[in-house]
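J.: Protein chains in written order, with the numbering used here: chain A, 1 to 181; chain B, 182 to 362.
Hint data in this document are derived by calculation from the structure and do not stem from the laboratory.
As the structure is a prediction and not an experimental result, all values here were calculated from the model.
For every residue, glycine included, the Cβ atom is placed at its ideal position computed from N, Cα and C.
The reader is advised that the hints may include incorrect statements.
To be verified - Here are the computed lysine to any residue pairs in the SDA-like style, where the Cα-Cα straight-line distance is at most 25 Å:
#  : chain 1 : residue 1 : chain 2 : residue 2
1  : A       : 2         : A       : 47
2  : A       : 12        : B       : 217
3  : A       : 99        : B       : 271
4  : B       : 280       : A       : 59
5  : B       : 280       : A       : 2
6  : B       : 280       : A       : 139
7  : B       : 183       : B       : 219
8  : A       : 12        : A       : 47
9  : A       : 99        : B       : 266
10 : A       : 99        : B       : 189
11 : B       : 280       : A       : 89
12 : A       : 99        : B       : 267
13 : B       : 193       : A       : 37
14 : B       : 340       : B       : 218
15 : A       : 99        : B       : 265
16 : B       : 280       : A       : 91
17 : A       : 99        : B       : 313
18 : B       : 280       : B       : 236
19 : A       : 99        : B       : 277
20 : B       : 280       : A       : 84
21 : A       : 12        : A       : 59
22 : B       : 193       : B       : 216
23 : A       : 159       : A       : 59
24 : B       : 193       : B       : 266
25 : B       : 354       : B       : 189
26 : A       : 99        : B       : 274
27 : B       : 183       : B       : 194
28 : B       : 354       : B       : 199
29 : A       : 12        : A       : 132
30 : A       : 2         : A       : 28
31 : A       : 99        : B       : 263
Unchecked claim - From the derived model, a few chain A residues whose C-beta atoms are all more than 12 Å from chain B:
#  : residue
32 : 2
33 : 21
34 : 34
35 : 94
36 : 175
Said to hold, decoys possible - Covered stretches of chain B (chain A as the covering partner; in silico rule of three or more C-beta atoms under 8 Å from a C-beta of chain A):
#  : region
37 : 209-218
38 : 254-263
39 : 309-322
2 protein chains.
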Amino acid sequence: MKIVVVTSNPNKAREVAAFFEGVCEVEHVPLECPEFRHDDVGEIAREKARFAFEQLQVPLIADDTGFFIPALCGFPGPYAAYVLERIGLEGIVRLMEGKDDRSAYFETAIALADGSGVRVFRGRIDGRVVEPRGEGGFGYDPIFEVAGRTLAELPLAEKSRISHRGRALDALKAWLAAGQR
Amino acid sequence: MKIVVVTSNPNKAREVAAFFEGVCEVEHVPLECPEFRHDDVGEIAREKARFAFEQLQVPLIADDTGFFIPALCGFPGPYAAYVLERIGLEGIVRLMEGKDDRSAYFETAIALADGSGVRVFRGRIDGRVVEPRGEGGFGYDPIFEVAGRTLAELPLAEKSRISHRGRALDALKAWLAAGQR
Numbered sequence: 001m002k003i004v005v006v007t008s009n010p011n012k013a014r015e016v017a018a019f020f021e022g023v024c025e026v027e028h029v030p031l032e033c034p035e036f037r038h039d040d041v042g043e044i045a046r047e048k049a050r051f052a053f054e055q056l057q058v059p060l061i062a063d064d065t066g067f068f069i070p071a072l073c074g075f076p077g078p079y080a081a082y083v084l085e086r087i088g089l090e091g092i093v094r095l096m097e098g099k100d101d102r103s104a105y106f107e108t109a110i111a112l113a114d115g116s117g118v119r120v121f122r123g124r125i126d127g128r129v130v131e132p133r134g135e136g137g138f139g140y141d142p143i144f145e146v147a148g149r150t151l152a153e154l155p156l157a158e159k160s161r162i163s164h165r166g167r168a169l170d171a172l173k174a175w176l177a178a179g180q181r
Numbered sequence: 182m183k184i185v186v187v188t189s190n191p192n193k194a195r196e197v198a199a200f201f202e203g204v205c206e207v208e209h210v211p212l213e214c215p216e217f218r219h220d221d222v223g224e225i226a227r228e229k230a231r232f233a234f235e236q237l238q239v240p241l242i243a244d245d246t247g248f249f250i251p252a253l254c255g256f257p258g259p260y261a262a263y264v265l266e267r268i269g270l271e272g273i274v275r276l277m278e279g280k281d282d283r284s285a286y287f288e289t290a291i292a293l294a295d296g297s298g299v300r301v302f303r304g305r306i307d308g309r310v311v312e313p314r315g316e317g318g319f320g321y322d323p324i325f326e327v328a329g330r331t332l333a334e335l336p337l338a339e340k341s342r343i344s345h346r347g348r349a350l351d352a353l354k355a356w357l358a359a360g361q362r
């Protein structure tokens, strides 16, 4: 079996390929999919996969990830990358000044599309917003703390094991292994 | 001649109808258009109009508006409504603390679609970010100052005359009056 990964981001494709090594072949198709505005990463991933399947007509996966802070009503949500580029980690920390509820979570949704429809697999990791710490990771990792360490302080293998993306890939792998396609 | 206004927001439709009163008939079609993620309101309006024309096959207009703050790299941009709902005016003011460049602008793009393609008309108003003042308007109006007054301090007729939306409608009306369709 082969999985086609549709993403314009080669790092994501490599991460998926590493995850499925020895399980199945992974092919990267760098198709640019329109991203619809939606609060739910599952719906965004679903629309991307639907669009890509219409174009390519092969079974494939597409994904979307968001960073959600309940004290900011879910901001930045699916716009995490856009927001980070503009106001930076410093902007998020500033918005969180004086907030008692420091909780936050990452969520990834992976949508699998084939001729029979689209199925969405989700992974989530819960933590809290802190002042930036650590040199690893990328994006919001330095301000996102889980069990006393920020994601930027975790070795990559450890981060991958507990991360939102890893959990969504686990769910997909379990479903594929159960032979439901 | 008749203009079909495609929007899920009845207030916008009423505003357009008032603008074109005595000039042409305005019909409101409450079609929900997918909003693509894009930094440029012109491209977002263009895609909405293209989508709506495919569905309805009649000449129509669709629009999009953003609020751009250069000191925040253009944030919140086309996501102005989403951001306001989540972090509020207070969040924007907080992000602007200590920034020397207080400039900001609203931009509206109105896209006219017919069988020959899509044409985009733009309107922009420049001002600066201040502490909230005034009881009128909505959205970012209380923190957006033009010539010494916030948009929330202006009478509605005056606001409409100078606003981004009014200017984009002016451009559309001038083009229609020039008989180019």
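J.: Does each hint hold? Answer for all of them.
T.: Cross-check of the supplied hints:
Under the criterion of a C-alpha separation no larger than 25 Å, the hint pairing residue 2 of chain A with residue 47 of chain A is consistent with the structure, at around 21 Å. The hinted pair formed by residue 12 of chain A and residue 217 of chain B meets the criterion: a straight-line CA distance of about 22 Å does not exceed 25 Å. Proposed proximity of residue 99 of chain A and residue 271 of chain B is supported: the alpha carbons are some 13 Å apart, at most 25 Å. Among the hinted pairs, residue 280 of chain B with residue 59 of chain A is inconsistent with the structure: their alpha-carbon atoms are about 49 Å apart, more than 25 Å.
Simply put, residue 280 of chain B and residue 2 of chain A have alpha-carbon atoms about 52 Å apart, too far for the 25 Å limit, and the pair is violated. Note on residue 280 of chain B and residue 139 of chain A: the hinted pairing holds, with a Cα-Cα distance of about 24 Å set against a maximum of 25 Å. For the proposed pair residue 183 of chain B and residue 219 of chain B, the alpha carbon gap of about 30 Å is over 25 Å, so the pair is violated. As the CA atoms of residue 12 of chain A and residue 47 of chain A are separated by approximately 18 Å, the hinted pair is consistent with the 25 Å bound.
For the hint pairing residue 99 of chain A with residue 266 of chain B, the CA-to-CA distance comes to about 17 Å; that is within 25 Å, so the pair holds. Between residue 99 of chain A and residue 189 of chain B, the direct Cα distance comes to roughly 35 Å. Violation of the 25 Å bound is thereby established for this hinted pair. Between residue 280 of chain B and residue 89 of chain A the alpha-carbon distance is near 16 Å, which keeps this suggested pair within the 25 Å criterion. At roughly 14 Å between alpha-carbon atoms, residue 99 of chain A and residue 267 of chain B fall within 25 Å of each other, so this suggested pair holds.
Restraint check: the Cα-Cα separation between residue 193 of chain B and residue 37 of chain A comes to about 20 Å, which is no more than 25 Å; the hinted pair holds. Only pairs whose Cα atoms come within 25 Å are accepted, and residue 340 of chain B paired with residue 218 of chain B is rejected, the gap being roughly 28 Å. Pair hint residue 99 of chain A plus residue 265 of chain B holds up; C-alpha atoms about 18 Å apart against a cutoff of 25 Å. A hinted pair counts as satisfied when its Cα atoms are at most 25 Å apart, and residue 280 of chain B with residue 91 of chain A qualifies at roughly 12 Å.
Between the alpha carbons of residue 99 of chain A and residue 313 of chain B the distance comes to roughly 21 Å, so the proposed pair stays at or under 25 Å and holds. Taking the CA atoms of residue 280 of chain B and residue 236 of chain B, the gap is near 46 Å; set against the 25 Å cutoff, the hint is violated. For the hint linking residue 99 of chain A to residue 277 of chain B, the alpha-carbon distance of about 18 Å falls within 25 Å, and the restraint holds. The suggested pairing of residue 280 of chain B with residue 84 of chain A holds, with an alpha-carbon distance near 18 Å, which does not exceed 25 Å.
About 18 Å separates the Cα atoms of residue 12 of chain A and residue 59 of chain A, which keeps this hinted pair within 25 Å; it holds. For the hint linking residue 193 of chain B to residue 216 of chain B, the alpha-carbon distance of about 16 Å falls within 25 Å, and the restraint holds. Distance restraint check for residue 159 of chain A and residue 59 of chain A: the Cα-Cα separation of roughly 28 Å exceeds the 25 Å cut-off, and the hinted pair is therefore not satisfied. Taking the CA atoms of residue 193 of chain B and residue 266 of chain B, the gap is near 19 Å; set against the 25 Å cutoff, the hint holds.
For the suggested pair residue 354 of chain B and residue 189 of chain B, the alpha carbons sit about 22 Å apart, so the restraint of at most 25 Å is met. Restraint check for residue 99 of chain A and residue 274 of chain B: satisfied, since their Cα atoms lie roughly 16 Å apart, inside the 25 Å limit. Between the alpha carbons of residue 183 of chain B and residue 194 of chain B the distance comes to roughly 13 Å, so the proposed pair stays at or under 25 Å and holds. For the hint linking residue 354 of chain B to residue 199 of chain B, the alpha-carbon distance of about 13 Å falls within 25 Å, and the restraint holds.
For the hint pairing residue 12 of chain A with residue 132 of chain A, the CA-to-CA distance comes to about 24 Å; that is within 25 Å, so the pair holds. A hinted pair counts as satisfied when its Cα atoms are at most 25 Å apart, and residue 2 of chain A with residue 28 of chain A qualifies at roughly 11 Å. At most 25 Å may separate the alpha-carbon atoms for a hinted pair to count; residue 99 of chain A and residue 263 of chain B meet this at roughly 20 Å. Here residue 2 of chain A stays apart from chain B, with its beta-carbon at least about 29 Å from theirs, past the 12 Å limit.
Non-interface status of residue 21 of chain A relative to chain B is upheld: no Cβ of that chain comes within 12 Å, the nearest being about 32 Å off. Not every CB of chain B is more than 12 Å from the CB of residue 34 of chain A (nearest about 5 Å), against its label as outside the interface. The claim that residue 94 of chain A lies off the interface is violated: its Cβ sits roughly 6 Å from the closest Cβ of chain B, which falls inside the 12 Å cut-off. With a minimum CB-CB distance of about 28 Å to chain B, residue 175 of chain A clears the 12 Å threshold, and the non-interface call stands.
With 4 residues having a Cβ less than 8 Å from any Cβ of chain A, the region 209-218 of chain B passes the three-residue criterion, so the hint holds. Proximity of the region 254-263 of chain B to chain A, defined as three or more residues with a beta carbon under 8 Å from a beta carbon of that chain, is established by the 6 residues found. Taking a C-beta to C-beta cut-off of 8 Å, the region 309-322 of chain B contributes 0 residues in contact with chain A, too few for the three needed, and the coverage statement is violated.
Hint compliance for this structure: hints 4, 5, 7, 10, 14, 18, 23, 34, 35, 39 are not met, and every other hint is.
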